[in-house]
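S.K.: Using the sequences and the accompanying hints, generate a full structural model.
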Amino acid sequence: MTGLDRAQQSGPMLIRCETAADVAPIHAVHAAAFAPTADPGSPVVEADLVDALRACDAWLPALSFVAAGRDGDVVGHVVCSRAHVDGTPVLGLGPLGVHPSVQRQGVGHALMHAVLGAADALGEPLVVLLGHADYYPRFGFGPAKDYGIVPPVAEWGPHFQVRPLTAYHPSIRGAFVYAGPFNEL
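Residue numbers (the numbering used here): 1 to 185.
It should be emphasised that the hints constitute simulated quantities derived from the structure, not laboratory data. Here the structure is a predicted model, which means the values were calculated and not measured. Where is the CB? At the ideal position from N, CA and C, for every residue including glycine.
Derived CB-CB ranges, DEER-like: (1) P143 x H109: 17 to 23 angstroms; (2) Q103 x A24: 17 to 23 angstroms; (3) A133 x A175: 19 to 25 angstroms; (4) P43 x P170: 39 to 45 angstroms; (5) S171 x S42: 38 to 44 angstroms; (6) G148 x R70: 42 to 48 angstroms; (7) P61 x G157: 31 to 37 angstroms; (8) A154 x A24: 35 to 41 angstroms; (9) P158 x A20: 34 to 40 angstroms; (10) A175 x R16: 32 to 38 angstroms.
M.R.: Written as structure tokens, this is what we have:
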């Protein structure tokens with residue numbers, strides 16, 4: 001039985017900051033998590049996006065978390081990178097990936113709570129993401145338009161969401177700009 005097989009069984013999970021040893025397992029988690037939506041044989045954009053974010057100045061190591069199973073195997077990952085709303089520093093969340101073998105077992109939920117709690121503790125004003133309109137509201141996300149935040153692509157509409165944190169101020173309004181690697185997708 002491999003470490004990942006054992007991690008699939010119910011048991012303890014640790015959410016912790018990414019380390020240098022996690023780079024390859026994080027890439028593998030995102031490749032597996034997003035493979036079903038990719039064309040067969042094509043690269044998984046999310047896995048490469050994390051690598052590109054890590055190499056740019058928008059990378060925030062304190063906001064890159066892994067979920068480690070009972071044996072320490074990385075089974076999930078989430079990251080926030082520096083973004084801006086009309087020049088004001090904010091966070092862009094994503095990707096969030098969970099290995100298919102442990103999806104629907106609370107890994108994504110735990111990662112979201114960890115990264116949002118850390119972002120709030122660091123005094124960040126808000127987190128923005130493009131994601132499922134049915135999933136992210138459970139973490140306090142709402143439509144960006146309700147906050148006066150404009151997506152880079154108008155068609156993103158209801159999937160473009162904002163989570164205000166303690167340091168949020170309603171004057172943060174305007175066009176949202178992701179970290180550079182998002183623009184290269």
